[in-house]
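2 protein chains.
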Amino acid sequence: MKLTCTQSELNTNLSLVNRAVPSRPTHPVLGNVLLKADAENQRVSLTAFDLSLGLQTSFNANVEADGAIAIPAKLFNDIVSRLPEGDITLEDSLSEAESDADTESLSITLTSTSGQYKMRGMNSEDFPELPQIEDGMVVKLPVEALIEGLRGSLFATSADETKQVLTGVHLMVQEDSLEFAATDGHRLAVVETLNAKPTSEESQEDEEKPASEDTISSFELTVPARTLRELERMLGLSESSDTVALQFEVGQIIFQGGNHRLTSRTLEGQYPAYRQLIPGQFQRQVAIPRRQLLSAVERIAVLADQKNNIVKFDIDAQAQTIDLTVETQDVGSARESLSAQVTGESIEIAFNVKYLIDGLKALSTSDIQFQMNAANTPVILTPLGGLKMTYLIMPVQIRD
Amino acid sequence: MKLTCTQSELNTNLSLVNRAVPSRPTHPVLGNVLLKADAENQRVSLTAFDLSLGLQTSFNANVEADGAIAIPAKLFNDIVSRLPEGDITLEDSLSEAESDADTESLSITLTSTSGQYKMRGMNSEDFPELPQIEDGMVVKLPVEALIEGLRGSLFATSADETKQVLTGVHLMVQEDSLEFAATDGHRLAVVETLNAKPTSEESQEDEEKPASEDTISSFELTVPARTLRELERMLGLSESSDTVALQFEVGQIIFQGGNHRLTSRTLEGQYPAYRQLIPGQFQRQVAIPRRQLLSAVERIAVLADQKNNIVKFDIDAQAQTIDLTVETQDVGSARESLSAQVTGESIEIAFNVKYLIDGLKALSTSDIQFQMNAANTPVILTPLGGLKMTYLIMPVQIRD
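Which chain is which? The protein sequence lines are A and B, in order. Numbering-wise (our numbering), the first sequence opens with residue 1057 and increments by one. Numbering-wise (our numbering), the second sequence opens with residue 1057 and increments by one.
By construction, these hints were calculated from the structure, which means they are not laboratory data. Relax, there's no trap hidden among the hints.
Pairs of lysine-lysine residues, derived as DSSO-like cross-links and limited to a Cα-Cα distance of at most 30 angstroms, are as follows:
{"hint": "1", "chain 1": "A", "residue 1": "Lys-1130", "chain 2": "B", "residue 2": "Lys-1363"}
{"hint": "2", "chain 1": "A", "residue 1": "Lys-1410", "chain 2": "B", "residue 2": "Lys-1130"}
{"hint": "3", "chain 1": "A", "residue 1": "Lys-1363", "chain 2": "B", "residue 2": "Lys-1130"}
{"hint": "4", "chain 1": "A", "residue 1": "Lys-1363", "chain 2": "B", "residue 2": "Lys-1058"}
{"hint": "5", "chain 1": "A", "residue 1": "Lys-1410", "chain 2": "A", "residue 2": "Lys-1363"}
Given these sequences and hints, build the entire structure.
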């Protein structure tokens, strides 16, 4: 193998795939990144895989000789990230003609303008293949829609590894929509993304042909939050007008966008039937500027911290205001007042500030709406305009 | 007490003094910040003190009524930092005319545009006074000189609390210079700042009068690194043309600059006689661009990490180059080449990369100079031009 590429291109791609390298590999080869050079297409690919999450990227390079080698990921990344801009040449020991080289051990030599680094590598054949999906469904989504779906759901997943499916985001693929849902048992976030067109693998290859009758019309799977955080990062490198293809079957999902590919196992277990938690109608509605409310809640949370994190909302239909109050026995008390558009009767209702702040941050519109029935039934937060997102929180009992 | 000030002024000053509030106060009142309002001068002062480090700031405010109160520092800071810009009114319970107020407990009410926060406070008389220095010497230094002195010495202090005096920076005040020195036993950094004019307390008050004969002409003390890091932060808020007054006596130092005052105990114990470690003459000199060498060392350090952190310098007088090499048995090898101005004979010499990198970062000029005699005697790094700084490192034995 021998290739020349730019430091910036190698560095960007290496930093990306490096995130799938396990910090404590169960097998030595998994601590490596697989480098493949393809002379015919003048392309280089990098792959990392922890047996659950796999990341692969490719980029253009001047490839003189084909080849593949597994290189210690951290070492490779640490060196490349510190190199000055300019061309880098990579050559493995098989194609080198060094007289004093130890020809038995596999190694790769990196040459930049100022220096030369020789690293021990491993045989590329020891590196496991990324999972492939032969059949299965394919959905194409604009990058922007995928980013919105992740942004509106990921934060609500559970961090508790014992809660299995709740540590992931539930994806529900339907005829022309993709729904993201996440809950940790205390709150629920649901984002509906339109314009997804599921196609069978076959119809994808022949785009003229309409989806056949036997196309599976609905598919559900739960993807680990960790995978999706890496996906978010990967999407950050794409143009928002790009498209990402989601390909999935039971147990596995693949995201392919531009030169990046992400593969992941899915989470096992039945996801909660969350739709039935969302009330169908509401007796009270409050429209309010989001940022203003968020700032007030963040301030009053300082005192709420001292008392079970509970903030009381005094929603006054007559005055068209919300008063936020916290009273602690030891530390002090606080009150914030905001004007709002209140429909329905006045109500006193209390929330956990943490769940409230999370939701107010995830909603992205300038105005939002609270919908509720009583002080002890689920409350829904939705954006006014913008994407279709539902955030459900349970009120907390007020103790006076 | 009743006063009105801007959120930004209160927030800036509160964040500053807050750093002297101990996270686990030995006495409850030390978890507070002392707020004093002075109606006559229309000034407000804030003080925090952990019995070793004390910070005090003052700023203009509209003071309607004098007063003082100790307020829980974290709570006060957390609320103020989250308030929107605009005026803030602070009023204590003694001057309030609330009918339902608990008149027995001391509290303060903060009112901003959107809300009202009432916090329990403590009696200001319980808050300890910051140390005062009645006699003692005073040195005035430009902010810039002080920043340079700290920048060139602080990094070389020991983090090992058992090493007592080595956890501080040694200050040596002389007739018209102030010297900063720090060592952790492995390397030594010395910065000389000129133009300091020590004056006795008396002569400061009467500036016309020359320093009297009996002025102490030299004074040494060791100031904890933690204190000086806070001083650096405090100086960051000053204009570089400002002046800071250093006032000191055995066991105590006070820095006063603009509206900020920092008091600190000094470290006990005899500081090492470091001057005798610095060789008087050198057989070899190497001048080299600093950033270029720093980058090369940082890159090669990635491999040196794998082998006792040692990098070998091959200084070639004939070729006028330095070759940096690292060879590890397991991971690989590296070589970086740089051109340099070499005076004296060629030499092979090795260093610990960490100490080298620290020094190369602390020196601020674009070119620097290595001065050395042999591969096993102290090596000196100095800036070429710029301030008067000396960085001493011991070479490491080369094992082949």
